[in-house]
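Residue numbers (this note's numbering), protein chains in the order written: chain B, 1 to 341; chain Y, 342 to 682; chain L, 683 to 1023; chain Z, 1024 to 1364.
A couple of the hints might just be wrong.
Stated by the list, open to error - If the Cβ cut is set under 10 Å, some of the chain Y residues that face chain Z in the computed set are:
| # | residue |
| --- | --- |
| 1 | Asn430 |
| 2 | Thr431 |
| 3 | Asp432 |
| 4 | Cys434 |
| 5 | Asn440 |
| 6 | Lys444 |
| 7 | Asn469 |
| 8 | Val470 |
| 9 | Lys472 |
| 10 | Ser473 |
| 11 | Gln474 |
| 12 | His503 |
As the list claims (entries may be wrong) - Which stretches of chain Z does chain Y cover? Using the computed rule of at least three CB atoms under 8 Å from a CB of chain Y, they are:
| # | region |
| --- | --- |
| 13 | 1096 to 1104 |
| 14 | 1118 to 1131 |
| 15 | 1148 to 1154 |
| 16 | 1327 to 1335 |
Stated by the list, open to error - In silico BS3-like pairs for lysine-lysine, Cα to Cα no more than 25 Å straight-line:
| # | chain 1 | residue 1 | chain 2 | residue 2 |
| --- | --- | --- | --- | --- |
| 17 | Y | Lys611 | Y | Lys563 |
| 18 | Y | Lys563 | L | Lys874 |
| 19 | Y | Lys504 | L | Lys845 |
| 20 | L | Lys952 | L | Lys907 |
| 21 | Z | Lys1289 | B | Lys165 |
| 22 | Z | Lys1245 | B | Lys163 |
I should point out that these hints are in silico values taken from the structure, not numbers from a laboratory.
No residue lacks a Cβ here, since even glycine has one placed at the ideal position from N, Cα and C.
Listed below are the residues making up each chain.
4 protein chains.
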Amino acid sequence: MGLKCFCSDNFSGVLPEVMKFLTDQNFGHEIPYGNDSFSKEMDIIFNKVFESTVDVYPVYNGSAANILSIASCISSYNSVLCSEFSHINTDECGALEKNIGCKIISIPTYDGKIKPQDIENYLVNFNNVHKSQPKLISISQSTELGTVYSKDEIQEICDLAHKYKLYVHVDGARIANALVYLDMSINELLVKTGVDVISFGGTKNGLMFGDAVVFLNTDLAKNFKYIRKQFLQLNSKSRFQALQFLSYFKNDLWLNAASHANEMAKLLAKEIVQIENITLTQIVEANEVFVRLPRKILNSDSLDGFFYVWDRNSSEVRFVCSFDTTENDIMKLLELIRLNI
Amino acid sequence: MGLKCFCSDNFSGVLPEVMKFLTDQNFGHEIPYGNDSFSKEMDIIFNKVFESTVDVYPVYNGSAANILSIASCISSYNSVLCSEFSHINTDECGALEKNIGCKIISIPTYDGKIKPQDIENYLVNFNNVHKSQPKLISISQSTELGTVYSKDEIQEICDLAHKYKLYVHVDGARIANALVYLDMSINELLVKTGVDVISFGGTKNGLMFGDAVVFLNTDLAKNFKYIRKQFLQLNSKSRFQALQFLSYFKNDLWLNAASHANEMAKLLAKEIVQIENITLTQIVEANEVFVRLPRKILNSDSLDGFFYVWDRNSSEVRFVCSFDTTENDIMKLLELIRLNI
Amino acid sequence: MGLKCFCSDNFSGVLPEVMKFLTDQNFGHEIPYGNDSFSKEMDIIFNKVFESTVDVYPVYNGSAANILSIASCISSYNSVLCSEFSHINTDECGALEKNIGCKIISIPTYDGKIKPQDIENYLVNFNNVHKSQPKLISISQSTELGTVYSKDEIQEICDLAHKYKLYVHVDGARIANALVYLDMSINELLVKTGVDVISFGGTKNGLMFGDAVVFLNTDLAKNFKYIRKQFLQLNSKSRFQALQFLSYFKNDLWLNAASHANEMAKLLAKEIVQIENITLTQIVEANEVFVRLPRKILNSDSLDGFFYVWDRNSSEVRFVCSFDTTENDIMKLLELIRLNI
Amino acid sequence: MGLKCFCSDNFSGVLPEVMKFLTDQNFGHEIPYGNDSFSKEMDIIFNKVFESTVDVYPVYNGSAANILSIASCISSYNSVLCSEFSHINTDECGALEKNIGCKIISIPTYDGKIKPQDIENYLVNFNNVHKSQPKLISISQSTELGTVYSKDEIQEICDLAHKYKLYVHVDGARIANALVYLDMSINELLVKTGVDVISFGGTKNGLMFGDAVVFLNTDLAKNFKYIRKQFLQLNSKSRFQALQFLSYFKNDLWLNAASHANEMAKLLAKEIVQIENITLTQIVEANEVFVRLPRKILNSDSLDGFFYVWDRNSSEVRFVCSFDTTENDIMKLLELIRLNI
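Can you build the whole structure from these sequences, using the hints too?
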């Protein structure tokens, strides 16, 4: 695959700094299962990054981070409220239902963000034994549609949730992209607003594997170590997850990587709308670009694999930029599109 | 941790050849979720190694390989028969029960190996609606007690299982150590005998993460891709699992690594019994050494962390050798023991 | 509770003929767990009623019949398609998700009936590992909105389902009311059209407890006895369920009971719309009457408990007639409404 | 089935007093799902019987009472300690594992009763993430071997449990038989000793269906209503469960029924040992008689169905007496045995 493909940011490899650190530190023996010296360092770094006392548990991937985060907050007779486009609802093959046994209430949204007034419509039937009891709101930051919740929007959702004694979970598979867009610290955006637990993504932004469950509400972490083990998410050679996060946070590598991806998305958006009959369908805030394309392009063989078809009916496609997307990659993509229009 | 610690082989790091290969191949974009070019190569290599048509699915760790292997074979109303010492019974925090909902029937054994005549005692109550229906026999090769099933022993278990329409699963967390001990190909040992599915371990023998479910009975793999996804075991940047296996199999790296670990265990066993009041409690066939120690050693501060206490009551401890254990490590260990006796 | 209350048909007691039969046959010993002589008779009667070879398994209640029916057809990675108003979606506290682990896809409908063209929109993403795989369509007959699918409508849904290799389940909590309305045999309506499995309700139509799972596609029943036991739905003194069904089917008791309830609903509908500002919101086909009422009535203390508030926002309420509803009950209800308007 | 069969007490029908009460009270409408007037009465009666504040939830059967009791106390990463012969371990087709996802630790016992010193051996590995965490001790009273724990024995188990922060569950499928044997109130035996939750059986002692979960530790009942619904154990026409318990407790009907069954067992035991080569294998305390029989009897066609073969290898069988067993039934049974010896 010579060209970069823009289908998703997980087509990319590993940040060179991360790979080098893994190699450099690959010697000697370490206690496994999260008790190695690097994992202890990692815990300290996460506390610094969040400027708060947090509990951190690396797991295998983003789906696992989502499901285990939520499993620590609710029971099977509860329901989870989220956007209709949320990853937990559409892209995890029913993992939430299988692993927790709870119901998902998916809320319609045009931009990937759920609004307090819409959420509140579903905060009903408390105490009715026939109904799954609402207990958690899950939002994605940045969203699956490339948009970003403002701090105020998150604050309102958290306030609503806590008023009804619900928890708030953030699917942060692309949290770095959101932070960079908002130019805000994670403390400001997620700790101060009262979020309870985060799926802290790294893989899409240049790690090899191993997103983390980060508890801001550390009471919820009380028995999490057993949940992680029983849900098959405890790694023996844990040092290699810790090492990734250690280098990820060093010298703002994570924010720089996300910043670059966002910049590339902005560039792509700016240029692609110059082409006739191509229009943005979502505003570009993080590293994703959603556009409506001429059907001819959608079906062009030579463009096959260069974007993700979001909705074939409306000719809407998604481009995602990565830490390793270059201006040159974008220029080649645009050229290819122009050639095929 | 200056000294190697012998607690378990997962205290070790990553084989340098594997780490180098990961680094060398870390460029460009690849399709995620198992559809990358390296995963396709990996499939081919596995077929070669097994000299048979097999279906291969990397997952996060050994527990996941075990649980998902078994989940593909049975229903919640079935039972799994295994040794009382088997990892699925004692070391996975109830993952089998949680994820499959089935019952474990644990069979007593003095050497970690379950015997056909013992197993057959539990092959009863078929068609009795009140009883979990036996459907799978799981054996560990090499066992949790460092012993190794002979080909004949496996053949007898497979014959018994298939006579009663049960499946056979092999927990191969340390399969390479068994193969090296028996000096036998995996085809000879597991394919020809009729094993249905294997947890093919690599982590304990020098990989970073990612054991694999290998179906020999490929009918069982029909819907496995959904199971893997729903059980949170599908990795996006799958190439980095494939790359590990590619280098693991290159130039017999895996067998050489296991061979070295076995040799070191043999050396340790030979030397340690020279020390008075230390006796082997299991024969040493793979890379583990079980001994009864004077209680003084068991409780010695300066030896804390150098072995795993298997049974405090009987002063039995376990030493495990890794691909990176050296003769020097062993000599230092012995010296330390002698100093404290 | 002097007056009948119209909230639901399960406010009623047991058909006197059924209670008498239970009493008359209450002597001697019988083999438990479905192996009694009455259960064998019951099996024969069900085969006669269905004019087909069917497998019958009584369970505790309608929710259990629904969940166990579906559990016998699908895996956790599958999805179930149903109306947004279906009982499995809205009134079982997430039982489908908890017990099967699968996803529910709820389809919007204005009259409780899902339409093939709407269903087909959701028959997508086959073979996509990230998506729950559609495997079963569940319809309610009669529906939760008191409407009844015609034979042609069921035929079209079955044809669509089987074209895509999906199963069809019918939630028949009120199946007798539908049959009476259509004046059609269950063979004609559900066997000939190709339905796979039915929750055969009886409780709402005058039994004490114990709806039945009836497999028309008997291949699906192969391991059902274990599922019933493990899901806690196997009763020891099974004769008392069999006895209920034996008397239920005797002299068309079941159809007469449903016929009466339907007639009462028709009468209520005819009379209630004579009252000003009360309008039907659904056509009345079975034993339920949905109307929009003046808000004053909705909130009237003296009418509290005489209807079920379906949607407070739109002042829509539900009345349900039972086997024991009398014309007098209806006249008293209407009078009470008129007094409060 | 002319003769009574002694296989189990659930071969019997319904106590005539109970059936009559069901018939007499079968009129009018009642609020369903546990909110009827009889259920409220039932709650009061249970509080009286227990001489304590308890929370009562009828469910379908004994297995359901066991599983739901335990589900309210523990998480999937916990383990349940019980006798190897306990119903939850051997006779529920893996329901505990399926519905809760936890591990069962079965403890060997020769008389069905587990001893504190044996239990304590399993109270280990707390805080070890690889091990299911012990959280509940379940005992059966009377036991599956017809024996009865004394108050002191229960007190010791409760003290041990609470010392380690475990809960105590009593499988009381035959609780009345135990109370009668001990001539003790349930308050004295189970409330004062500190039991947390009971499966309060009635079916084996003459009810039609519907054992109850009774919480003595009412904190555990906080969310139980949702668990009952989601586990498919909430009955709509709940009055018919309440009515059964109301008549069960009236005039000590329950204790009289159990007393009779115990007496019959004592008589059977006394007489059967007069026959040569028949010996008791357990002391007879409740309503069960365990004996070793000549193999000829075990295999006699004319005795087929008159006892339950407990262990074919050792020619051990079980006889159970019911509320409706008569002296005449016993004499006929003994005669039949003598004829075949």
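Hints, one by one, checked against the model:
The beta carbon of Asn430(Y) is positioned within 10 Å of a beta carbon in chain Z (closest approach about 9 Å), and the interface hint is therefore held. Contact between Thr431(Y) and chain Z, as hinted, is supported at the beta carbon level, the nearest pair being about 7 Å apart and thus within 10 Å. Interface hint at Asp432(Y): satisfied, since its Cβ lies 5 Å from the closest Cβ of chain Z, which is below the 10 Å cut-off. The closest approach between the C-beta of Cys434(Y) and any C-beta of chain Z is roughly 5 Å, which is under the 10 Å cut-off, so the hint is satisfied.
For Asn440(Y), the interface hint holds, the least distance from its beta-carbon to any beta-carbon of chain Z being 8 Å, beneath 10 Å. Because the beta carbon of Lys444(Y) sits about 4 Å from the nearest beta carbon in chain Z, less than 10 Å, this interface hint is met. A distance limit of 10 Å between C-beta atoms decides the matter here; for Asn469(Y) the minimum to chain Z is near 9 Å, and the interface restraint holds. A distance limit of 10 Å between C-beta atoms decides the matter here; for Val470(Y) the minimum to chain Z is near 7 Å, and the interface restraint holds.
Given the 10 Å rule on beta carbons, the hint for Lys472(Y) holds: about 6 Å separates it from the nearest Cβ of chain Z. Interface restraint check: Ser473(Y) against chain Z, minimum CB-CB distance 4 Å, threshold 10 Å, status holds. The interface hint given for Gln474(Y) holds, since its Cβ lies 8 Å from the closest Cβ of chain Z, which is under the 10 Å cut-off. Using the Cβ-Cβ criterion of 10 Å, the hint placing His503(Y) at the interface with chain Z is not satisfied: the shortest such distance is roughly 23 Å.
For the region 1096 to 1104 of chain Z, the stated coverage by chain Y holds: 4 residues have a C-beta nearer than 8 Å to a C-beta of that chain, and at least 3 were required. As drawn, the region 1118 to 1131 of chain Z meets chain Y at 7 residues by the rule of a beta-carbon pair under 8 Å; at three or more, the given contact holds. Under the rule that three or more residues need a Cβ within less than 8 Å of chain Y, the assignment of the region 1148 to 1154 of chain Z holds, with 3 such residues. Evaluation of the coverage hint for the region 1327 to 1335 of chain Z: breached, as 0 residues show C-beta separations to chain Y shorter than 8 Å, against a requirement of three.
Of the supplied pair hints, the one linking Lys611(Y) and Lys563(Y) is violated, its CA atoms being roughly 47 Å apart against a limit of 25 Å. Only pairs whose Cα atoms come within 25 Å are accepted, and Lys563(Y) paired with Lys874(L) is rejected, the gap being roughly 32 Å. At most 25 Å may separate the alpha-carbon atoms for a hinted pair to count; Lys504(Y) and Lys845(L) exceed this at roughly 38 Å. Simply put, Lys952(L) and Lys907(L) have alpha-carbon atoms about 46 Å apart, too far for the 25 Å limit, and the pair is violated.
At most 25 Å may separate the alpha-carbon atoms for a hinted pair to count; Lys1289(Z) and Lys165(B) exceed this at roughly 57 Å. About 21 Å separates the Cα atoms of Lys1245(Z) and Lys163(B), which keeps this hinted pair within 25 Å; it holds.
Going through the hint list in order, the structure does not satisfy hints 12, 16, 17, 18, 19, 20, 21.
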